[in-house]
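Enquirer: Okay, here's what each chain looks like letter by letter:
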Amino acid sequence: MNNFTVEAIELTRLYGGREAVSNVSFTLSKGEVLGFLGPNGAGKSTTMKMLTGNLAPSNGSVKICGIDMMENPKEAKALIGYLPEMRPLYKELTVDEYLTVAARLHRVSSSNIKKAVEIAKERCGLGHMSKRLIENLSNGYQQRVGIAQAIIHNPMVVILDEPTVGLDPIQIRDIRALIRELGSDYSVIISTHILPEVEMVCDRVQIIDKGKLVFNGAIDVLKKQRVGNKLLIGMHNPPSVDAMLKIAGITEAEALAGGLMRVRFAEDATPAEAIVQAAVKHNWGLHQIAPDQTSLEDVFMQLTYQEQSEF
Amino acid sequence: MIINVARKELKSVFASPMGWVILSLLMFAFGTYYLNGVNDYFAVMSGAMRPAERTGVTQFVAQTVYGLASFIMLFAVPLLSMRLISEERRSQTLPFLFSAPISLTEIVLGKFVGLVAFLSILIVFIALMLSTLNIWSDIDFGFIIANSIGLWLLVASFSALGLYFSSLTQQPVVAAILTFVALFALMILDRFFAGDPSNTLASLSLMRHFQSFSSGLIDSGDIAYFVLFITTFLTLTVRRLDADRLRG
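Protein sequences, first through last, are from chains A and B. Just so we're aligned: 154 in our numbering is position 154 of the first sequence, and the numbers increase by one with no gaps anywhere. Numbers in our numbering are just positions in the second sequence, counted from 1, shifted up by 311.
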């Protein structure tokens, strides 16, 4: 018996002959936060719907802690907390009423319901909102109620579909902190198209594009990809490209507008010091030198672009 | 689990003024008819000379009240049932139920039980109101019980049909109109076959099967009809929701 909390095996979903998700397989272990990344319409939400049993896969299967979603949907669903993209809130109820309903439907024993509601409210910072109608809460607080609903029964797996969409920066920060916190106790899957968010909260990343998994690995791998062997140098009197290439270790140089120059260097070389010395010697008027990071967006573009070029 | 879904439905009905307003308005209408019935009883009976023309007070009053009730429910049930699933579809709250550890059958039955429980309040109130006649008269409780069972089966059938139409659409109003039209057609179906009462189509009419209850007769054939009617539409609803999961 392995200890994967989520196993997706060759998930495929057809919508009228078109593959919205095709052959997606992955696993998730306890205590991991998995980021699901992809452009709009890539199949993130569809995959999540299949994981939570809201949508039947055309092919493949889902196992939650070893329980098959198709064969034992009730047992499998009891282990999942799910917050869909559109928050499923009954707005005519108060926060307490709603969470009580959620706890009851998720088979929290009646003696524990009060406690479960209190704990979920506390974790999501909803303590002082207990008696308010959900309808009257702000967007951010409604989102918190949505998350509280997903964790009320202490599930093994929490699945949040775009949890930070439409929130203000402070709320986003709070929600991210909450997700990190949840990650220590549960397995968490979040989907998003905000890349820095993934870097902040996830241990592992999956990039999905056009229904196919194009990247699956630890966040560190993705980070390494973005820090290339590149330097960005700013000078008042920039030299010619040839002059720059003479410095040991530099393999490529490219002059940019405004006296900037981007240089690429060999894998094991550290040419920064040599560049500074040369700059002083030749009076290049150096005013800036910094590693040139490819943004996560670029890495993302590269990964999804590679996929496109196959066609 | 069915009970938990039903409790959620009842909570939603009573969370807004809607539930209370409907209860009070309907009780007001039934109360008025009850009062009129009692008044008319004396007027009519004092004019009825021959013993054959005389009917008991239970039958006289209860028949007017239950006749009105079956008619009013034709409007009230579509208004109450329209929201059950279409509203959840529109505000996208169905995933909340679908991802909870409950089966589709339990969801549908829960919603059905919730609505029928709400309507049962009215039926119990009507029976209690009519029973007050017993204070100064000796009434026929069997007649009231038969009528209550009949009315209960009738509104349960209305609810099952309403629940099904509610599962077909995202617009509660569309569900209400469809339910009303379908119920109305089923109610008056037997009028079209007045000349040929043995016609098969005529026996599909809801009203025809309610009639034996309203004359105080509990007929197992009629009970079977209502039970089958309810089962059919609840099954159709489950299948409709299952299609959501399969086709997305």
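Honestly, the hints are just simulated from the structure, not real lab data. Just so it is clear, CB atoms sit at the ideal spot from N, CA and C, and this is done for glycine as well. Hints may be right or wrong, so weigh each one.
[Unchecked claim] Here chain B is said to cover these stretches of chain A; the calculated rule only asks that three of the stretch's residues, wherever they fall, bring their Cβ under 8 Å from a Cβ of chain B:
| hint | stretch |
| --- | --- |
| 1 | 27 to 39 |
| 2 | 47 to 57 |
| 3 | 92 to 101 |
[As the list claims (entries may be wrong)] Cβ-to-Cβ under 10 Å is the rule here; a few derived chain A residues that face chain B:
| hint | residue |
| --- | --- |
| 4 | Leu89 |
| 5 | Arg132 |
| 6 | Asn136 |
| 7 | Leu137 |
Enquirer: Each hint needs a verdict: does it hold in this structure or not?
Expert: Hints, one by one, checked against the model:
1. 27 to 39: violated (count 0)
2. 47 to 57: That given contact holds, which follows from 6 residues of the stretch 47 to 57 of chain A lying within Cβ reach (below 8 Å) of chain B.
3. 92 to 101: holds (count 4)
4. Leu89: Since chain B brings a Cβ to about 7 Å from Leu89 of chain A, closer than 10 Å, the hint holds.
5. Arg132: Violated: closest Cβ of chain B sits about 13 Å from Arg132 of chain A, beyond 10 Å.
6. Asn136: violated (13 Å)
7. Leu137: violated (15 Å)
Of the numbered hints given earlier, the model fails hints 1, 5, 6, 7; all others are met.
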